[in-house]
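Protein sequence lines correspond, in order, to chains A and B. Position 18 (the first sequence) corresponds to 1 in my numbering; numbering is contiguous. Quick note: to get my numbering, add 293 to the position in the second sequence (first position is 1).
I should point out that these hints are in silico values taken from the structure, not numbers from a laboratory. Computed from a predicted structure; not experimentally measured. A virtual CB, placed ideally from N, CA and C, is assigned to each residue, including glycine. There could be a bad hint or two in this list.
[Said to hold, decoys possible] Here are the simulated SDA-like cross-link-like pairs (lysine to any residue), alpha carbons at most 20 Å apart as the crow flies: (1) A:40 / B:349; (2) A:54 / B:387; (3) A:54 / A:86; (4) B:308 / B:400; (5) A:40 / B:386; (6) A:40 / B:388; (7) B:350 / B:371; (8) B:350 / B:333; (9) B:315 / B:349; (10) B:302 / A:22; (11) A:-14 / B:332; (12) A:40 / B:296; (13) B:366 / B:398; (14) A:38 / A:48; (15) B:350 / A:86; (16) A:-4 / A:21; (17) B:308 / B:371; (18) A:54 / A:-11; (19) A:36 / B:388; (20) B:350 / A:84; (21) A:36 / B:387; (22) A:38 / B:387; (23) B:302 / A:24; (24) A:54 / B:388; (25) B:366 / B:344; (26) B:315 / B:342; (27) B:315 / A:24; (28) A:38 / B:386; (29) A:-14 / B:339; (30) B:302 / A:21.
[Said to hold, decoys possible] Listed next, the stretches of chain B that the computed footprint assigns to chain A, with coverage defined by at least 3 CB atoms under 8 Å from CB atoms of chain A: (31) 302 to 313; (32) 336 to 349; (33) 394 to 403.
[Stated by the list, open to error] Sample of chain A residues lacking proximity to chain B, with all beta carbon distances greater than 12 Å (derived): (34) -4; (35) -1; (36) 1; (37) 5; (38) 52; (39) 54; (40) 56.
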Amino acid sequence: DVKVTQSSRYLVKRTGEKVFLECVQDMDHENMFWYRQDPGLGLRLIYFSYDVKMKEKGDIPEGYSVSREKKERFSLILESASTNQTSMYLCASTLGVGIVEQYFGPGTRLTVT
Amino acid sequence: AQRVTQPEKLLSVFKGAPVELKCNYSYSGSPELFWYVQYSRQRLQLLLRHISRESIKGFTADLNKGETSFHLKKPFAQEEDSAMYYCALRRGGGYNKLIFGAGTRLAVHP
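Construct the entire structure; sequences and hints are all you get.
As structure tokens, this is what we get:
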């Protein structure tokens, strides 16, 4: 059974702080994704990674960066948090070529005050 | 442009009534479409994919290329079907990226 875990369920940060969201998967998946989930907007792709140290921007990368130093771990970094980054952040992973099903983590609800 | 549209934010039905959650897509190639579901306090999970042509928890979805639709249907709704439903389209360009619709909340009342 695939397990995708996220470091925090709830997080409250102040404007301007640097924020790290961590995601770990235990099934040797190649591809990992970060989304933000907002009511009325669905899931929007922030960044994804198709291999260790490889990353590509998604649809809304501004204000975010990512790091993937190990295959199982994909970190999302908010360089300087702003109130408009208050959201639910979802991490997902998928095995690789030909296997499309994405497995999601439980989400991190980030509030920036 | 690649796009997924779910026109209804909320669909409210009574138990036993038929359900149809609408999904329309825009894609120039051969589409791969999915339905994901998120029950209260649970993580998002795959419900079904059009390639499989399967029925999961009584739900089915048929790809209609002429109408560019992939509506999710169930003949008799149950209270446990109450959840957030997202339609998703596999993007071109590889790496298993998906485009999600805005989601429809299904509320099934007793």
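Checked hints:
1. Between the alpha carbons of residue 40 of chain A and residue 349 of chain B the distance comes to roughly 33 Å, so the proposed pair goes past 20 Å and is violated.
2. Restraint check for residue 54 of chain A and residue 387 of chain B: the C-alpha separation of about 19 Å stays at or below 20 Å, so the hint holds.
3. Restraint check for residue 54 of chain A and residue 86 of chain A: satisfied, since their Cα atoms lie roughly 15 Å apart, inside the 20 Å limit.
4. With a CA separation close to 9 Å, the supplied pair residue 308 of chain B and residue 400 of chain B stays within the 20 Å bound.
5. Of the pairs offered as hints, the one joining residue 40 of chain A and residue 386 of chain B holds, with about 13 Å between alpha carbons and a cut-off of 20 Å not exceeded.
6. About 12 Å separates the Cα atoms of residue 40 of chain A and residue 388 of chain B, which keeps this hinted pair within 20 Å; it holds.
7. A distance of roughly 10 Å separates the Cα atoms of residue 350 of chain B and residue 371 of chain B; the hinted pair therefore holds under the 20 Å criterion.
8. Taking the CA atoms of residue 350 of chain B and residue 333 of chain B, the gap is about 17 Å. The hint holds against a cut of 20 Å.
9. Between residue 315 of chain B and residue 349 of chain B, the direct Cα distance comes to roughly 17 Å. Compliance with the 20 Å bound is thereby established for this hinted pair.
10. Simply put, residue 302 of chain B and residue 22 of chain A have alpha-carbon atoms about 9 Å apart, close enough for the 20 Å limit, and the pair holds.
11. At most 20 Å may separate the alpha-carbon atoms for a hinted pair to count; residue -14 of chain A and residue 332 of chain B meet this at roughly 18 Å.
12. For a cut-off of 20 Å, the pair hint linking residue 40 of chain A to residue 296 of chain B stands: about 18 Å separates their Cα positions.
13. Our distance criterion of 20 Å between C-alpha atoms is met by residue 366 of chain B and residue 398 of chain B, whose separation comes to about 14 Å.
14. In summary, the hint linking residue 38 of chain A to residue 48 of chain A is supported, as the alpha carbons are separated by about 10 Å, within the 20 Å threshold.
15. Under the criterion of a C-alpha separation no larger than 20 Å, the hint pairing residue 350 of chain B with residue 86 of chain A is consistent with the structure, at around 19 Å.
16. Distance restraint check for residue -4 of chain A and residue 21 of chain A: the Cα-Cα separation of roughly 18 Å lies within the 20 Å cut-off, and the hinted pair is therefore satisfied.
17. Taking the CA atoms of residue 308 of chain B and residue 371 of chain B, the gap is near 5 Å; set against the 20 Å cutoff, the hint holds.
18. Between residue 54 of chain A and residue -11 of chain A, the direct Cα distance comes to roughly 15 Å. Compliance with the 20 Å bound is thereby established for this hinted pair.
19. For the hint pairing residue 36 of chain A with residue 388 of chain B, the CA-to-CA distance comes to about 15 Å; that is within 20 Å, so the pair holds.
20. Proposed proximity of residue 350 of chain B and residue 84 of chain A is supported: the alpha carbons are some 18 Å apart, at most 20 Å.
21. Proximity of residue 36 of chain A to residue 387 of chain B is assessed by CA-CA distance (about 18 Å); at most 20 Å being required, the pair is judged to hold.
22. Proximity of residue 38 of chain A to residue 387 of chain B is assessed by CA-CA distance (about 13 Å); at most 20 Å being required, the pair is judged to hold.
23. Distance restraint check for residue 302 of chain B and residue 24 of chain A: the Cα-Cα separation of roughly 10 Å lies within the 20 Å cut-off, and the hinted pair is therefore satisfied.
24. Proximity of residue 54 of chain A to residue 388 of chain B is assessed by CA-CA distance (about 15 Å); at most 20 Å being required, the pair is judged to hold.
25. The hinted pair formed by residue 366 of chain B and residue 344 of chain B meets the criterion: a straight-line CA distance of about 16 Å does not exceed 20 Å.
26. A distance of roughly 15 Å separates the Cα atoms of residue 315 of chain B and residue 342 of chain B; the hinted pair therefore holds under the 20 Å criterion.
27. At most 20 Å may separate the alpha-carbon atoms for a hinted pair to count; residue 315 of chain B and residue 24 of chain A meet this at roughly 16 Å.
28. A distance of roughly 14 Å separates the Cα atoms of residue 38 of chain A and residue 386 of chain B; the hinted pair therefore holds under the 20 Å criterion.
29. Our distance criterion of 20 Å between C-alpha atoms is met by residue -14 of chain A and residue 339 of chain B, whose separation comes to about 14 Å.
30. Of the supplied pair hints, the one linking residue 302 of chain B and residue 21 of chain A holds, its CA atoms being roughly 12 Å apart against a limit of 20 Å.
31. For the segment 302 to 313 of chain B, the assignment as covered by chain A is violated, since 1 residues bring a beta-carbon within under 8 Å of that chain's beta-carbons and 3 are needed.
32. Restraint check on the segment 336 to 349 of chain B versus chain A: 5 residues with Cβ-Cβ distances below 8 Å, three needed, restraint holds.
33. Counting residues of the segment 394 to 403 of chain B whose beta carbon lies closer than 8 Å to any beta carbon of chain A gives 3, which reaches the threshold of three, so the coverage claim holds.
34. Listed as outside the interface, residue -4 of chain A is consistent with that label: its C-beta sits roughly 23 Å from the nearest C-beta of chain B, beyond the 12 Å cut-off.
35. Every Cβ of chain B is farther than 12 Å from the Cβ of residue -1 of chain A; the closest lies at roughly 30 Å, confirming the non-interface assignment.
36. Consistency note on residue 1 of chain A: stated as away from chain B, and its beta-carbon is indeed over 12 Å from all of that chain's, at 27 Å minimum.
37. The claim that residue 5 of chain A is not at the interface with chain B holds, since no C-beta of that chain comes within 12 Å of its own (minimum 16 Å).
38. The Cβ of residue 52 of chain A sits about 19 Å from the closest Cβ of chain B, beyond the 12 Å cut-off, so the non-interface label holds.
39. No Cβ of chain B approaches the Cβ of residue 54 of chain A within 12 Å, the least distance being about 15 Å, so the stated non-interface status holds.
40. With a cut of 12 Å on Cβ distances, residue 56 of chain A stays outside the contact zone with chain B, its closest approach being about 18 Å.
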